[in-house]
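Undergrad: Construct the entire structure; sequences and hints are all you get.
Position one of the sequence shown corresponds to residue 1 (the numbering used here), numbered consecutively onward.
Simulated from the structure, these hints should not be mistaken for lab results.
Remember, it's a predicted structure, so these values are computed and weren't measured experimentally.
You may find that some hints are simply not true.
DSS-like, lysine-lysine: derived pairs with alpha carbons at most 27 Å apart [stated by the list, open to error]: (1) Lys-218 to Lys-261; (2) Lys-416 to Lys-299; (3) Lys-265 to Lys-279; (4) Lys-299 to Lys-279; (5) Lys-416 to Lys-385; (6) Lys-218 to Lys-265; (7) Lys-214 to Lys-261; (8) Lys-234 to Lys-218; (9) Lys-218 to Lys-179; (10) Lys-265 to Lys-281; (11) Lys-385 to Lys-299; (12) Lys-234 to Lys-179; (13) Lys-279 to Lys-385; (14) Lys-261 to Lys-279.
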Amino acid sequence: MIPSDDRQPPQKGLFELYLEDMINLRHPLVRMAERIDWPQCEQQFGPYWCPDNGRPGHPIRLHVGLQMFKHMQGLSDRELLDQWVENPYWQYFCGESTFQHEPPMDESTMGRFRRRIGEEGARALLRMTVELGEGTGTVAPGSFRVAVADTTVMHKAIAHPSEARLMARAHRRLVARAKAEGVTFRQTYERSLDGLLMRIGRYAHARQFRRMHKRLRKLHGYLGRVCGDVIRQKPYGQRSQALDDSLYQALYLLRQYADPKHRPKLYSLHEPEVACIAKGKARTPYEFGSKVSVITTAKEGFVLDCQALRGNPYDGHTLHEGLMRVHRHCGHLPVHTLVDRGYRGSEITPLSNVRITGKQKGKGTAHPEHQHRRNSVEPIIGHLKHEGLLDRCHLRGHDGDRIHAVLCAVGFNLRKILRRLARLFGLRFIQELLGLLRESGTQTGQSMNQVVSIPV
Numbered sequence: 001m002i003p004s005d006d007r008q009p010p011q012k013g014l015f016e017l018y019l020e021d022m023i024n025l026r027h028p029l030v031r032m033a034e035r036i037d038w039p040q041c042e043q044q045f046g047p048y049w050c051p052d053n054g055r056p057g058h059p060i061r062l063h064v065g066l067q068m069f070k071h072m073q074g075l076s077d078r079e080l081l082d083q084w085v086e087n088p089y090w091q092y093f094c095g096e097s098t099f100q101h102e103p104p105m106d107e108s109t110m111g112r113f114r115r116r117i118g119e120e121g122a123r124a125l126l127r128m129t130v131e132l133g134e135g136t137g138t139v140a141p142g143s144f145r146v147a148v149a150d151t152t153v154m155h156k157a158i159a160h161p162s163e164a165r166l167m168a169r170a171h172r173r174l175v176a177r178a179k180a181e182g183v184t185f186r187q188t189y190e191r192s193l194d195g196l197l198m199r200i201g202r203y204a205h206a207r208q209f210r211r212m213h214k215r216l217r218k219l220h221g222y223l224g225r226v227c228g229d230v231i232r233q234k235p236y237g238q239r240s241q242a243l244d245d246s247l248y249q250a251l252y253l254l255r256q257y258a259d260p261k262h263r264p265k266l267y268s269l270h271e272p273e274v275a276c277i278a279k280g281k282a283r284t285p286y287e288f289g290s291k292v293s294v295i296t297t298a299k300e301g302f303v304l305d306c307q308a309l310r311g312n313p314y315d316g317h318t319l320h321e322g323l324m325r326v327h328r329h330c331g332h333l334p335v336h337t338l339v340d341r342g343y344r345g346s347e348i349t350p351l352s353n354v355r356i357t358g359k360q361k362g363k364g365t366a367h368p369e370h371q372h373r374r375n376s377v378e379p380i381i382g383h384l385k386h387e388g389l390l391d392r393c394h395l396r397g398h399d400g401d402r403i404h405a406v407l408c409a410v411g412f413n414l415r416k417i418l419r420r421l422a423r424l425f426g427l428r429f430i431q432e433l434l435g436l437l438r439e440s441g442t443q444t445g446q447s448m449n450q451v452v453s454i455p456v
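TA: Rendered as structure tokens:
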């Protein structure tokens with residue numbers, strides 16, 4: 001049912017702890033809460049609930065505020081709710097009028113809200129941060145003319161993939177699900193798996209690869225025999241969907257080990273869409289996750305788009321769609337887009353003038369005055385990863401990757417807006433203080449003149 005926000009009492013109670021009496025109303029969070037159009041948020045996210053059925057949900061302002069704080073502070077759902085109880089400013093931002101001593105919801109409710117709004121809802125929050133940044137002066141209107149684009153890797157919450165670990169895990173999962181459906185095995189080989197895994201790991205550490213592959217072939221044979229028993233006793237059409245998925249993953253791993261050139265490879269059983277991406281880093285030659293396209297303004301480094309991509313596409317093939325998303329978020333396209341040489345071939349897009357760093361030497365139309373700002377996107381990506389949550393995604397599936405990437409951009413923009421408001425109202429406070437000092441000085445001078453003019 002559509003949430004109703006009835007947390008504002010008509011009259012203050014005598015023994016209540018009201019947040020307005022506890023906090024500093026000049027705080028940047030209070031100022032930012034006053035500038036956000038909360039009725040528009042309720043109008044935007046209200047259709048995601050059933051209008052006349054079910055239990056009324058939590059207020060939309062509470063949901064949106066919690067998602068903002070999660071990605072502003074880089075916290076998990078559990079850590080966020082624990083700190084929300086301790087922070088009166090966060091409670092005021094989320095629409096509470098009195099101090100709350102209990103968490104407002106469970107962490108699973110936050111996950112259901114993210115799944116409910118999906119990627120489109122997350123993009124609505126990103127559009128709201130762009131409007132808020134323009135309204136507070138965090139990003140100038142002329143800064144949208146020059147944008148910078150780059151890609152990075154968002155790691156997935158999986159263990160480092162290895163053939164032995166994947167086959168052993170697929171073996172155990174297939175045996176457990178097959179037994180639950182009445183399949184009887186001549187031998188399951190489960191007792192031998194731990195010893196094989198230990199030997200394979202030791203041989204790999206000692207670089208004795210011939211012995212390691214001998215044990216891997218043995219593990220491969222065990223998994224093949226188990227798959228054969230399942231196929232004989234449960235033909236196609238008689239297996240459940242869960243057993244079919246486990247059998248398919250086991251057969252895929254067998255094919256993958258037999259043919260090393262087989263593509264695409266399976267790197268995780270619970271996240272089969274994870275891709276292996278090589279970005280040319282010496283410390284991490286291969287990263288497992290999804291590629292993320294980031295587009296920012298060249299001057300302020302304000303994030304205009306952050307999109308998780310499926311697989312490992314070529315960077316130059318992702319720019320056209322990224323510019324279309326920027327148009328959805330900002331209402332207009334950048335005149336110039338600065339990219340690195342990984343975007344070669346993307347100059348043909350009619351949406352913007354693509355400027356590739358280092359492609360042509362010298363000065364000219366290929367090197368405008370903002371060309372040196374191409375590197376400004378690199379620290380933005382670092383802040384997205386280390387201050388936000390772009391470093392590792394714990395949400396399930398590719399849809400979770402896309403939602404998580406957009407919300408990370410929302411959190412980064414809100415941090416910039418918050419710093420801008422802190423500087424802005426700090427300067428105003430200093431100006432007001434100087435004005436009061438001038439007035440007091442003038443009054444003091446007038447009183448001294450009156451004292452001097454009194455005849456003795």
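Undergrad: It remains to establish, for every hint, whether it holds in the given structure.
TA: Hint by hint, here is what the structure shows:
At most 27 Å may separate the alpha-carbon atoms for a hinted pair to count; Lys-218 and Lys-261 meet this at roughly 21 Å. The straight-line distance between the Cα atoms of Lys-416 and Lys-299 is roughly 13 Å, inside the 27 Å bound, and the hint therefore holds. About 18 Å separates the Cα atoms of Lys-265 and Lys-279, which keeps this hinted pair within 27 Å; it holds. Taking the CA atoms of Lys-299 and Lys-279, the gap is about 26 Å. The hint holds against a cut of 27 Å.
With a CA separation close to 15 Å, the supplied pair Lys-416 and Lys-385 stays within the 27 Å bound. Taken as a hint, the Lys-218 and Lys-265 pair is honoured in the structure, with Cα atoms around 21 Å apart against an allowance of 27 Å. Taking the CA atoms of Lys-214 and Lys-261, the gap is about 20 Å. The hint holds against a cut of 27 Å. Distance restraint check for Lys-234 and Lys-218: the Cα-Cα separation of roughly 25 Å lies within the 27 Å cut-off, and the hinted pair is therefore satisfied.
For the proposed pair Lys-218 and Lys-179, the alpha carbon gap of about 23 Å is at most 27 Å, so the pair holds. Distance check on the hinted pair: Lys-265 and Lys-281 sit about 21 Å apart at the alpha-carbon level, within 27 Å; holds. This hinted pair checks out: Lys-385 and Lys-299 have alpha carbons roughly 20 Å apart, not beyond 27 Å. A threshold of 27 Å between alpha carbons decides the hint, and for Lys-234 with Lys-179 the separation of about 11 Å falls inside it, so the pair holds.
At most 27 Å may separate the alpha-carbon atoms for a hinted pair to count; Lys-279 and Lys-385 meet this at roughly 16 Å. Only pairs whose Cα atoms come within 27 Å are accepted, and Lys-261 paired with Lys-279 is accepted, the gap being roughly 20 Å.
Hint check: no violations occur; every hint is consistent with the structure.
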